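My request is simple: use the sequences and hints to build the entire structure.
Letter by letter, the chains look like this.
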Amino acid sequence: MSPKVVPWAVVAATLLGAVWFAAAMTIGGDRSALLIGETTDAHHQLEIACETCHTAPAFASAARAEKALNRTCRKCHDEELKAADDSHPRKKFRNPRMAAYWKKLDARLCTSCHVEHRPEIARVGAVTVAMDFCVACHSEGDQDVRWDRPSHADLTFDTCASAGCHNYHDNRALYEDFLVEHAGGPALAPSPVHALTARHRARESPAEAALARSDAVAPAAAVADPAALDHWAGSGHAAAGVNCAACHAADLAKDAPPAEIEIHWIDAPPAEVCEGCHKPQAKTFALGRHGMRGHPRLAKPRDPGRALKKVGLGGVVPESITAWLADPPLPARITAGEARLPMRPDAAHRVSDCGTCHRPHAVDTARAAVEACASCHDDSHTRAYFASPHYRLRETELAGRAPPGTGVSCATCHMPPTVRRRKVTTNHNQNDNLRPNEKMVRTVCLDCHGLGFSLDSLADAVLVSRNFSGTPAVHVESIEWALRRAESGERDTDG
Amino acid sequence: MPMLTFTEEILLLLGDEEGMFLPVEEHAFECALAGAVLMDLAFAYRIDTDPEALLTIDPTPTGNPMLDRVLEKIAARAGTTDTRTWVGVLSREDAAILREQALASLVERGILEKRDERFLWAFGTVRYPTIDDGAERAIGARIEEVLSDDIPHPRDVALISLVDACEILPDLFPDRDVASFGPRIALLRRMDLIGREVAGTIAEIQRTVVREARARAARFQKLLLILSACGGLAVAATLLSPPIPLADRFGPGLLESLWYDRVWKQWSGYLLLGLGIAGLGIAVAVKKRLVARIAGSHGWRLFHIALGIACVLVLFAHTGFRFGANMNTALMGFFVAALLSGALAGAAIGGTPRLRKMGVRRTGRHNRALIGLHAIAICPLPALLIVHVLTVYLY
Chain A
1 MSPKVVPWAV VAATLLGAVW FAAAMTIGGD RSALLIGETT DAHHQLEIAC ETCHTAPAFA
61 SAARAEKALN RTCRKCHDEE LKAADDSHPR KKFRNPRMAA YWKKLDARLC TSCHVEHRPE
121 IARVGAVTVA MDFCVACHSE GDQDVRWDRP SHADLTFDTC ASAGCHNYHD NRALYEDFLV
181 EHAGGPALAP SPVHALTARH RARESPAEAA LARSDAVAPA AAVADPAALD HWAGSGHAAA
241 GVNCAACHAA DLAKDAPPAE IEIHWIDAPP AEVCEGCHKP QAKTFALGRH GMRGHPRLAK
301 PRDPGRALKK VGLGGVVPES ITAWLADPPL PARITAGEAR LPMRPDAAHR VSDCGTCHRP
361 HAVDTARAAV EACASCHDDS HTRAYFASPH YRLRETELAG RAPPGTGVSC ATCHMPPTVR
421 RRKVTTNHNQ NDNLRPNEKM VRTVCLDCHG LGFSLDSLAD AVLVSRNFSG TPAVHVESIE
481 WALRRAESGE RDTDG
Chain B
1 MPMLTFTEEI LLLLGDEEGM FLPVEEHAFE CALAGAVLMD LAFAYRIDTD PEALLTIDPT
61 PTGNPMLDRV LEKIAARAGT TDTRTWVGVL SREDAAILRE QALASLVERG ILEKRDERFL
121 WAFGTVRYPT IDDGAERAIG ARIEEVLSDD IPHPRDVALI SLVDACEILP DLFPDRDVAS
181 FGPRIALLRR MDLIGREVAG TIAEIQRTVV REARARAARF QKLLLILSAC GGLAVAATLL
241 SPPIPLADRF GPGLLESLWY DRVWKQWSGY LLLGLGIAGL GIAVAVKKRL VARIAGSHGW
301 RLFHIALGIA CVLVLFAHTG FRFGANMNTA LMGFFVAALL SGALAGAAIG GTPRLRKMGV
361 RRTGRHNRAL IGLHAIAICP LPALLIVHVL TVYLY
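Protein chains in written order, with the working numbering: chain A, 1 to 495; chain B, 1 to 395.
To be clear, the hints were calculated from the coordinates, so they are not data collected in a lab.
Computed from a predicted model, the values in this text were never measured in an experiment.
Using N, Cα and C, we set each Cβ at its ideal position, and we do this for glycine too.
Take these hints with a grain of salt, some might be off.
[Unchecked claim] List time: in silico DSS-like cross-link candidates among lysine-lysine, alpha-carbon distance up to 30 Å: (1) LYS254/A with LYS283/A; (2) LYS114/B with LYS104/A; (3) LYS283/A with LYS309/A; (4) LYS67/A with LYS104/A; (5) LYS92/A with LYS82/A; (6) LYS265/B with LYS67/A; (7) LYS82/A with LYS310/A; (8) LYS283/A with LYS300/A; (9) LYS265/B with LYS103/A; (10) LYS423/A with LYS92/A; (11) LYS91/A with LYS283/A; (12) LYS75/A with LYS287/B.
[Said to hold, decoys possible] Restraint ranges, calculated between C-beta atoms of paired labels, are given here: (13) ILE244/B with HIS381/A: 51 to 59 Å; (14) SER32/A with GLN266/B: 37 to 45 Å; (15) PRO243/B with GLU140/A: 42 to 50 Å.
Dropping the structure here:
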C-alpha cells in the first residue's frame, strides 16, 4: 500500500466505523463496543440491552434522561425496597422540607449513589460515592446521630455501614427495637431447626397419584434408557403423578394417546415447560442473578425496520441491510463462564437454567441445594462449606439421623423457602437473601442462632470466607448500645 | 537569459532530488533568503551598509520585481535601521513572498517544475522537482571549486556564506568530511575578493545573516525543545503513572467534580475539542502558509505545541488519564498517540542541532516520519469523537 493511501485509509475506515456505530445507536446493531465502562455485577448480564435502563428518547435533556434512568431503577427495585422496609425511601426525600439535603446528597435519585459503567469508583453494593456518605445528612442539625447517642460520639462515618450496624436501605434486622427485642439470644438454639425448610421438606404428595416405573408412557426409544426411567420413577415428579408426556409433549392433554405423544415428543424440553407448572419458582428465578436474562422488564431487541421508518428510510433500505442492523439477541441464560464470581473452569459452558441444578429426570432438590451450586461456584466460601458445621448437620439430616430442617445447605441461606398464600415455595431469587448479608438474619440465622452471634458472624469477613467454621472474631456492639439507650430511657418510644 | 539571483541560487541548492526542500531550519532558511536579496541589491549597487545603518545609495529599480519590492521597502526607511534589523524584518515579513517569487522565477526559467500534491486535502504538499539540472550542477561545481584551493569569484564567496548560514554543506556533500571545510570557509570570509564598493556591505550582511540565523535558531529550537519535552513528559505521565485514586471521603472535591460531574465533563470535553481543532487549524494554516505573514511561522508552531500541552492538561481534567473501555479506549489511545508523536516530533526538531553535533545524520527524515505518525494518529480522531459525543447525547 502506498504511504499516501495510509491516512486516507485510516480516515475512511474510522468514518465507516463511525457510520456503523451511529447506525447501531440510532437504528439497531451490536453496541457492546460502545459501552463506556464495565457494568456492575448486578447488571452486566443485561448490559447490551441498553434500552432496559436508558429509556429516554435520543437527545433528551440531561435532566430528563436522568429522570428516565431513575424511573427504570425504581421499576425493577421498588418491590424489593418496599419488602425491605426501606429506611430511606424516595417519598421521604421528595418532601420539600428535605430540600436542604438535596444539594448534599440527592436521595430522590438512585443515581446519586449508584452510577453504572464506572467500575473505578464502584464500591461494595455498587455504591459509587465514598462510603462515609452518611455524613451528608447525619452530621449536623437534628439529624446529627452524635447528638443524642453518646456511644456514637467517637465514631467516624465510614463505619456506619461497614461495621455491621446499619445499611442504607435494609435495616430489618438492625433497627433499635429489633436489637433490644432479640438481645441476649444464645449463640446456638437448644433445638436448631430452620422452620420453613422443615415445613417445606414435610410436604408429601398424595400416594394415590404416585406413578411407578411401569406407568411411564413414552416412545420406545425414550424408555430404552433405563437410567432415565429409574431416575424419573424415584423423583418427585413420579410421586406427584407427572408422567413423561407432561414435559416431553407438554402441549398435549394429560390423557393423550401414546401415538399422539410419540408425534409431539421432544427429547429435551426447554425451561419454559418447567415454568408452565412451577410458576412461583420461575418468577423468582428470573429476578435473581441465575435467571435475570429472563426478567420480564428486560428491553426487547429494537426493530430496525421501525427505526428506519422513523427517520424516513422505511422501505428504502433493502431487507438484507435491515436484517443486518438487527440487535444481537441477548442470550436466554447466563453461562458460568460469563459470571463475575469465581467459577470452576470446567463449568464455563454450563447454562444457568432449571435442568442444570435440578437433573431433569431425578429432580433431586437435595442435589440442587448444594452439589449443583458447588459444581459451578468456586470461591472460598463455597469450598469451605464442605468442612463446615452446617455441612455436617446436612449430612446428618440426609442420613435420617436428624429431623428435617436441621441441616443447612447453600439453599437454606441463599434460596430459603418462603410462604406465599400459605404455600411454601423455594425463593429462586438468590439475591433476595444475599446482600447486605444482614438480610439473612431474620429469614435464616435467627431460627438457630441468637441475634448477637448472627450479627458478629456476618460482620466477620474471614469467618464468612471459612463458611462459619469457628467463632466470630468481630463483635458488633449495636445490641449493647441499644440496650443501654433503652435502659437509660433516651430512646424514642417509636424506635 | 539573465543571471540567477542569490535568492534563486540558494533555493536551487536547498531543493532535493524529489523536489522537496532539504531539512534546513526555517529560521536559517528565512534569514538566508533575506540575506540573499540584500546581497543581490548590494551587488546591483543599490544599497550600502556600515555597522550602524543600511543605506539606499540608488533607488532606481533593478528590473527584477523581487529585488525591486525589497528595494522600495528599504528606500522608504533607509538610514533608520541597521543590517541586522533588516535581515530580521525581511526574514519575518518577506521570506515567504521572496521564496514564492524566486520559485516562480525558476519555474518560468524552465529549471523547476511545480507539482501540487495533496495529503488529506488540507495538507497540500507542493514539490518543485528539477527538470533542467544544468544550473544546479553549475552552482554545485562552483561551490566545490571555491572550497578547493581555486581563486573564488566574489559572488561565490557570498554564496558560500549563505550556504554556511543554512548549514546545508553536509547535505550538499554527503560523502565529504564537511568539518574540514571550516578553515577554508573562514579564510574566504576574510578575503577581500569582492569589489571595494560592496565588500563591506556583503561582509556585514554575511555576518548578520549567520549571527541572526543562529541566534533565532537557538532561541526557537530551545523553546521548541523545552515545550515539546514538557508535553512529552506530561503524556508519558499519562501512560506510566497509576490512576490517581479519589479521596474516600464524602463531599465535593475538585477531582470528583472534574471527572464525574456532568457539567464539568461537558465543559472540559468541549474545551478539549476546541483546543484540538485550534491545533489542527494552526497546523494546516502553517503548512499552507496562511499565517506566516501575520506573525511568522515560529510563533505559530510554538503556539501549536503550547496547545498540545494544554490538551494534555484538559485531557487530565476530562478523564483523569483513565483510558475507559471499548470505544473510549480507542479514542483515548489515538489522542495520546497524537500528543506523544507531536511532542516527539517537536523535541526531535528542536533537538536537531544537538543531534547533528552528536553525529546523527538524516535527522530530517526522522523528523518527517514523526510528523507523519502525528498526522496518522490524528486521522481517526474526528470519527471517534463523533461516536463519543453521540454516545453521550444518546445514552
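Restraint status (C-alpha distance of LYS92/A to LYS82/A at most 30 Å): It holds: about 13 Å lies between the C-alpha atoms, which stays within 30 Å.
Restraint check for LYS114/B with LYS104/A, where alpha carbons must lie at most 30 Å apart: violated, 68 Å
Given pair status - LYS92/A, LYS423/A, alpha carbons within 30 Å: Violated, at roughly 34 Å.
Consistency of beta-carbon spacing, GLN266/B to SER32/A, with hint 37 to 45 Å: violated, 25 Å
Distance restraint evaluation - PRO243/B, GLU140/A, Cβ atoms, bounds 42 to 50 Å: violated, 33 Å
Hinted pair LYS67/A and LYS104/A, Cα distance within 30 Å: holds, 18 Å
Pair hint LYS283/A and LYS309/A, alpha-carbon separation not exceeding 30 Å: Distance ~36 Å between LYS283/A and LYS309/A Cα, so the pair is violated.
Restraint check for LYS82/A with LYS310/A, where alpha carbons must lie at most 30 Å apart: violated, 39 Å
30 Å limit on alpha-carbon distance, applied to hinted pair LYS254/A and LYS283/A: At roughly 24 Å apart (the allowed maximum being 30 Å), LYS283/A and LYS254/A satisfy the hint.
Holds or violated: LYS75/A to LYS287/B, with C-alpha atoms at most 30 Å apart: violated, 57 Å
Pair hint LYS265/B and LYS103/A, alpha-carbon separation not exceeding 30 Å: holds, 19 Å
Given hint LYS67/A paired with LYS265/B - CA-CA distance at most 30 Å: holds, 19 Å
The earlier numbered hints that this structure contradicts are 2, 3, 7, 10, 12, 13, 14 and 15.
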